[in-house]
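Put together the whole structure using the sequences plus the hints.
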Amino acid sequence: MNRLTFWALLALFVGVEVLGLVIDRRDVHYAGVIAALGVIAVARLLYLARKDGEGEG
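Numbering-wise, the sequence shown is residues 8 to 64 according to the numbering used here.
Please keep in mind that the hints were generated in silico from the structure rather than gathered at the bench. Quick caveat, the model's predicted, so the values are computed rather than measured.
Pairwise CB distance ranges, derived in the manner of DEER restraints:
(1) Met8 to Tyr37: 19 to 25 Å
(2) Ala38 to Gly60: 31 to 37 Å
(3) Lys58 to Gly22: 26 to 32 Å
(4) Ala38 to Phe13: 17 to 23 Å
(5) Leu53 to Ala18: 15 to 21 Å
(6) Glu61 to Val40: 31 to 37 Å
The beta-carbon is built from N, C-alpha and C at its ideal position, and this holds for glycine as well.
Structure below.
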């Protein structure tokens with residue numbers, strides 16, 4: 008995942024979080040939080056997988 012994709016997805020989901028707070032819907036807010044954390048986790052896993060693969064071959 009490149010940096011532009013990471014930051015675009017993170018901005019989108021932070022926007023969803025804020026929208027959930029503005030319209031006073033906690034379920035929308037929590038969905039945004041979970042999605043943002045998922046983006047961070049996937050980016051971290053991809054980074055670690057790429058880092059582990061550099062030493063081989």
